[in-house]
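J.: Mind docking chain P on chain Z? Use the hints.
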Amino acid sequence: MAETLLLRVVTPERLVLDEEVDEVTAPGTLGEFGVLPNHVTFLSSLQPGRLSYKRGGQVHILATSSGFAEVKDNVMTVLADSAEFASEINVERARAALQAAEESLRTLAAMDAAFSEVLAARQRAQVRIEVASAGVGINR
Amino acid sequence: MATLKAIRRRVSSVRNIQQITKAMKMISAARLRRAQEAAFAARPYAGKLEEVLQNLAQSQTLAHPLLTAREEHNIDLVFITSDRGLCGGFNANLIRTAETFIREHRAQKVTLSLVGRRGFDYFKRRPVTIVEQHINLFGRLTAALAHEIGTRMSQRFLNGETDAVYILYARFRSALVQVPTIDRILPVIAKERSVTDVPLEYVYEPEPQTLLASLLARYIDMLIYRAMLESVASEHGARMTAMDNATNNAVDMIERLTLDMNRARQAGITRELLEIVSTGEALK
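Those protein sequences? They're chains Z and P, same order as listed.
The first sequence begins at 0 in numbering that gives the first Met the number 0 and counts up by one.
The second sequence begins at 0 in numbering that gives the first Met the number 0 and counts up by one.
Since the hints were made in silico from the structure, they are not lab data.
All values derive from a computational prediction rather than experimental measurement.
Backbone N, C-alpha and C define an ideal beta-carbon position, used for all residues, glycine too.
One thing to keep in mind: the hints can contain errors.
[What the hints assert, rightly or not] 30 Å max Cα-Cα, derived DSS-like pairs, lysine-lysine: (1) P:4 x P:21; (2) P:123 x Z:71; (3) Z:53 x P:47; (4) P:108 x P:123; (5) Z:71 x Z:53.
[Stated by the list, open to error] Partial list, computed: chain Z residues near chain P (C-beta under 10 Å): (6) 5; (7) 9; (8) 10; (9) 14; (10) 18; (11) 28; (12) 36; (13) 39; (14) 43; (15) 44; (16) 71; (17) 76; (18) 84; (19) 90; (20) 114.
[As the list claims (entries may be wrong)] To spell it out: a stretch of chain P is covered by chain Z in this simulated footprint if at least three of its residues, at any positions, have a beta carbon under 8 Å from a beta carbon of chain Z; those stretches are: (21) 22 to 29; (22) 35 to 45.
Looking at chain Z on its own, in the form it has when it is part of the complex (with noise of 0.2 Å):
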């Protein structure tokens, strides 16, 4: 058995990560799950979120906007259209971007078009913000 797995985070600008790794937990649309060695065979879909994992008894963590998360072969491969370590949030942008995105919703109806990916780009300007702030002293 196993003692670590492998996991892969790709996005369609880079490959983020590539490491041996004890443990992940990813932020599923049904939930955060997590994910240990020896894992079943799984593909889930993921929403803007915090993605964490451990090595050697340090936690990282990576800020991820929507994507999917495949578990196979003890390969756990992370596609996401953006993920990026705490070091690397523009926090500025970020903020920007969520007070931005607060005043759109103020103007737009639950009916319209926009709304849902208004909603997402605050959420993922809301992680952003998050992990930015969390992550500093226990990213790499």
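T.: Quick look at chain P alone, frame taken from chain Z:
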């Protein structure tokens, strides 16, 4: 023969042009490298996404409107060109391919979605329907733009406004070779399940049907994004080659003009000598 002064002026103007083409060539070479890296960086994502989608489509008997082919009456063509010129036959080749495509589908109605000013400038005065255009982006083709186009195209397909969506772009072979390529985006055709493949038993969350819908949307965005990256790399490759040729031509031209200039100067000297000698003779 042109006067000495006129030739000198031409030499200096050609030299100026040469400096510009040389600079452009170097800029394109740097941008080409970056564009190639971006295209390369997108590969793991694209490969994995395709794999997951195929796995899902094969392990389940799923139907989805975006997977269903129907008779093609209306066709959409996403056409990617560059915003700037001075890149040799890059845009001309693409436009020719687009024209051929439209001619081949005369029986159907072809609607264009244009990325890049060159393609737009060409088609805006012609009798074709343009559903949208994205111009003056100067190579900043982002995943967000791909998503925007992908969403629009999927919507048109689902509404029945179009029966198939194709994308035309320059596939990057090398700095010297860019191939105008037409790929189909919609409907997405799942690969036939091969007999040797053992379908993987996945645990799905949420249910497969919902997963498939969002996977398909991402897959389409990715196809468009990948085409954009290829196109940007091709554009820089084409410009680099074109500017290299221009620089070499300028070198040749300067050489020829220098010869002319020397000849004109020598002719002047000979004429003056003759004049002096014949004046001397006349005075005897």
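J.: Run every hint past the structure and note whether it holds.
T.: Cross-check of the supplied hints:
no. : hint          : verdict
1   : P:4 x P:21    : holds (26 Å)
2   : P:123 x Z:71  : violated (50 Å)
3   : Z:53 x P:47   : holds (24 Å)
4   : P:108 x P:123 : holds (17 Å)
5   : Z:71 x Z:53   : holds (19 Å)
6   : 5             : violated (13 Å)
7   : 9             : holds (5 Å)
8   : 10            : holds (6 Å)
9   : 14            : holds (5 Å)
10  : 18            : violated (14 Å)
11  : 28            : holds (6 Å)
12  : 36            : violated (16 Å)
13  : 39            : holds (6 Å)
14  : 43            : holds (4 Å)
15  : 44            : holds (6 Å)
16  : 71            : holds (7 Å)
17  : 76            : holds (6 Å)
18  : 84            : violated (17 Å)
19  : 90            : violated (20 Å)
20  : 114           : violated (14 Å)
21  : 22 to 29      : violated (count 0)
22  : 35 to 45      : holds (count 6)
Going through the hint list in order, the structure does not satisfy hints 2, 6, 10, 12, 18, 19, 20 and 21.
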